[in-house]
Amino acid sequence: MTAIQREKMDYDVVIVGAGPAGLSAAIRLKQLDPDRSVVVLEKGSEVGAHILSGAVLDPSGLDALLPDWRSMDAPIKVPVTQDNFYLLGEAGKIRIPNWPMPPLMSNHGNYIVSMANVCRWMAGVAEGLGVEIFPGMACSELVFEDGRVVGAVAGEFGRDPETRAPGPNYEPGMELRGKYVFLSEGVRGSLAKQVIDKFDLSQGKEPQKFGLGMKEIWEIDPAKHREGTVTHTMGWPLGKNAGGGSFIYHLENNQVYVGFVVHLNYRNPHLYPYMEFQRFKHHPTVAELLKGGKRVAYGARAISEGGWQSIPKMVAPGVALLGCSAGLVNVPRIKGNHNAMLSGKAAAEAAHAAILAGRSGDELAAYETEVRGGAIGRDLKKVRNVKPLWSRYGLWASLLGGGADMWANTLGFTVFGTLKHGKTDAAATGRAADFPVIDYPKPDGVLSFDRLTNVAYSFTNHDEAQPAHLVLKDPSIPVGVNLPDYAEPAQRYCPAGVYEVLGEGAAAKFRINFQNCVHCKTCDIKDPSQNIVWTTPMGGGGPNYPNM
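Just so we're aligned, residue 57 is where the sequence shown starts under this note's numbering, counting upward by one.
These aren't lab readings, by the way, just hints derived from the structure by calculation. Keep in mind that a hint or two might mislead.
Simulated pairs of lysine-lysine, DSBU-like, Cα-Cα distance not exceeding 30 Å [said to hold, decoys possible]: (1) Lys369 - Lys529; (2) Lys249 - Lys350; (3) Lys479 - Lys254; (4) Lys369 - Lys149; (5) Lys476 - Lys249; (6) Lys149 - Lys350; (7) Lys476 - Lys437; (8) Lys498 - Lys149; (9) Lys296 - Lys476; (10) Lys280 - Lys369; (11) Lys479 - Lys369; (12) Lys249 - Lys64; (13) Lys347 - Lys249.
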């Protein structure tokens, strides 16, 4: 077979992913040396198109990167004015007071933001410094030489949908080569996953844990809008079926982010995370808020939840993992953007020092040291036992035991040491015969919606002439194994209706509607047979989140 010939472009640093981590790295590299050549490759149609995060932003990362951001017309305008925590029952709620919570849980000084808009603004800052940003340039593979990462292939498309061999309109893409390559793809990035496996970066670490986050933007009655209000809930409707909870953030223009997170270590394969979200909106408190309003956008993505115990080694020859590619989310705070920014800054400083010293393609050990021993490590170590306590013993153990441990860590000691996570989320899935089927109410089309209707509000699009980016290792497993053993949970855990089982018995067939995919990566995580591989779509594609 003839080797594919590609045009090559050389840079000092190649960055995959224009999220907060990648853009922070790009900005910091140019701050340190305006002549440094830096390129950022983004698979979304524009910067921010794939950023699903109506977030409460801890500005500490931005303060470190751009101390003058408050005078730079950043889209960070809504300070948190009120913090609410509720434990929900089916018809009521109990307010959890703020005073017994550890100081790290306070949102004082934080901001409600659209991270898509923050990243668009950061991209403008980066370009003003001379960074090259190429949106719509999905990276299909890494380039290896002599056991190290030396670049990435971007812009490849035109392979045959069936054989995946180059078709008549094949475009080989380009090799963008760098002295160092930074992977800031977000959660469960396909290239980061390859690097972790190839270099065995998770050796000696706990399995990474994940949640599925789903979110809608609503425009509500102005009389009900309370700009700056942050509300988090736990309990109903999940109960003992799964860990998780909700968030409701009031931002500008009478809009609210309504979100719901389901921890993916749930056991009952009949659980339907998307329908749990839709059911949540019928709680009297939420229904009253949304009554008379309208949903304007929808999206979903996985969230890394393993924390301190699950962070892999973050460097290998020529490559570094940034932000959510390394799993730097603080789960009880529901915050990771500040750590993503700090990781980008730290990686940039390590690469800058290495290049000045005449190095390239080696391991940026200084980056690893800074992440684990600096502000990011301090942030994550304090909360490291909240998730495993919840997974093992449930909500109340997490609230009481986790709260006590966070207080102890704040005071300089620990109650539990460092607890382990145990199984992967895929391995946690139980057999269908051992669990009851869950009956979910039909969406009413006013407060709750079917999946395909909501997917239309993510503005997702894929080129159907390209190969499906969702690949089965063994096409026989969905019907031959997952259906009889687990009632094929892909039909339910996917928040975009990508997977269907058509027919029954010997006539059953498994269908993949990859055009619907919102790039949440849940299938790659939760499939009990680990048979589904999420790969980067050729030609990009995916959601186009507006104001998200």
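Of all the hints numbered above, which does this structure not satisfy? Sort the numbers upward. 2, 4, 10, 13
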